[in-house]
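Enquirer: Sequential numbering of the sequence shown, starting at 2, is according to the working numbering.
Misleading hints may appear alongside valid ones.
[To be verified] Think about it this way: if two alpha-carbon atoms lie no more than 20 Å apart in a straight line, the pair counts; the simulated SDA-like pairs of lysine to any residue are:
1) Lys135 with Thr156
2) Lys155 with Asp112
3) Lys122 with Asn133
4) Lys129 with Lys164
5) Lys59 with Asn32
6) Lys136 with Thr146
7) Lys74 with Ser14
8) Lys142 with Thr161
9) Lys5 with Phe199
10) Lys178 with His123
11) Lys155 with Asn172
12) Lys75 with Ser7
13) Lys75 with Gly91
14) Lys75 with Leu90
15) Lys74 with Glu23
16) Lys85 with Glu105
17) Lys103 with Asn147
18) Lys100 with Asn133
19) Lys129 with Ser163
20) Lys75 with Ser13
21) Lys136 with Ser101
22) Lys135 with Ser114
23) Lys143 with Gly91
24) Lys8 with Asp201
25) Lys5 with Pro22
26) Lys35 with Glu24
27) Lys192 with Ser163
28) Lys97 with Lys135
29) Lys160 with Glu171
30) Lys97 with Pro132
None of these hints come from the bench; they were simulated from the model.
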Amino acid sequence: MKQKFSKNIFASSDAQYMSCPEEVAQHLAKNLSKFNTAVELCSGVGVTTIQLAKQMKKVTGVDINQENIFAAKKNAVLYGVSDKTEFILGDVLSVKLLKSIKAEVAVLDPDWSNQDSDKTKHVLELDKTQPNLKKLYNLTKKYVTNNIVARVPKTFTLKTISKLGPCNIENVYWGNKLRFKIAYFLGTVDKTVERDVFFD
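Please model the entire structure based on the sequences and the hints provided.
Expert: Right, dumping it as structure tokens:
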């Protein structure tokens with residue numbers, strides 16, 4: 002089994018399971034390296050926020066779980082980017098909070114596990130994530146930035162993701178299996194296209 006992280010990060014077992022693998026977070030961050038500032042909404046224990054900070058001047062992470070925020074701050078120290086990161090405890094659907102954030106690009110990473118089942122079962126629709134991805138996307142676009150990236154479950158079809166708008170989709174294979182997808186809503190995209198990306 003591939004190792005998800007290069008260091009012993011601070012995280013609960015659930016948070017570790019739900020976090021983006023470090024190698025994929027690095028790939029995502031490099032794809033966004035032209036930006037100077039970013040925000041990750043639903044930042045968890047900070048894995049992606051930290052990799053973004055290695056490519057940018059300032060990155061903010063927002064999460065509603067206090068334990069995640071506490072762990073994320075410790076992880077930022079562990080990875081040497083505490084001076085370039087800020088972690089905020091708050092509701093990512095709060096208009097007041099979103100208005101206060103200054104970022105050139107936003108990464109959205111809501112919980113896609115089926116709340117009535119275990120963490121390995123994923124939802125099928127945009128409005129079934131926690132929080133509601135469609136609402137989060139629209140609020141982010143209205144109050145923060147038009148440049149948005151969303152990490153979504155493998156159960157989301159191209160048609161489902163395209164409901165948010167045209168985008169470039171990466172089907173992420175990690176450890177020989179399709180794990181999730183990353184949708185890039187950046188610049189002018191005429192038509193939604195997808196490609197496979199392998200981390201093996």
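Enquirer: If a hint holds in the structure, say so; if it does not, say that too.
Expert: Now for the hints, and whether the structure bears them out:
1. Lys135 with Thr156: Given that 20 Å is the threshold and the Cα spacing comes to 16 Å, the pair holds.
2. Lys155 with Asp112: Holds, at roughly 13 Å.
3. Lys122 with Asn133: Measuring from Cα to Cα gives roughly 17 Å; hence the hint holds.
4. Lys129 with Lys164: holds, 14 Å
5. Lys59 with Asn32: holds, 16 Å
6. Lys136 with Thr146: Holds, at roughly 14 Å.
7. Lys74 with Ser14: At roughly 17 Å apart (the allowed maximum being 20 Å), Ser14 and Lys74 satisfy the hint.
8. Lys142 with Thr161: holds, 18 Å
9. Lys5 with Phe199: Holds, because 14 Å separates the two Cα atoms, which is no more than 20 Å.
10. Lys178 with His123: holds, 15 Å
11. Lys155 with Asn172: holds, 8 Å
12. Lys75 with Ser7: holds, 15 Å
13. Lys75 with Gly91: holds, 18 Å
14. Lys75 with Leu90: holds, 15 Å
15. Lys74 with Glu23: holds, 16 Å
16. Lys85 with Glu105: The hint holds at about 15 Å.
17. Lys103 with Asn147: holds, 12 Å
18. Lys100 with Asn133: holds, 18 Å
19. Lys129 with Ser163: Holds, at roughly 16 Å.
20. Lys75 with Ser13: Judged against 20 Å, a Cα distance of about 13 Å means the pair holds.
21. Lys136 with Ser101: holds, 18 Å
22. Lys135 with Ser114: holds, 16 Å
23. Lys143 with Gly91: holds, 18 Å
24. Lys8 with Asp201: holds, 19 Å
25. Lys5 with Pro22: Holds: Lys5 and Pro22 sit about 5 Å apart, inside 20 Å.
26. Lys35 with Glu24: holds, 19 Å
27. Lys192 with Ser163: holds, 9 Å
28. Lys97 with Lys135: holds, 18 Å
29. Lys160 with Glu171: The hint holds at about 14 Å.
30. Lys97 with Pro132: holds, 17 Å
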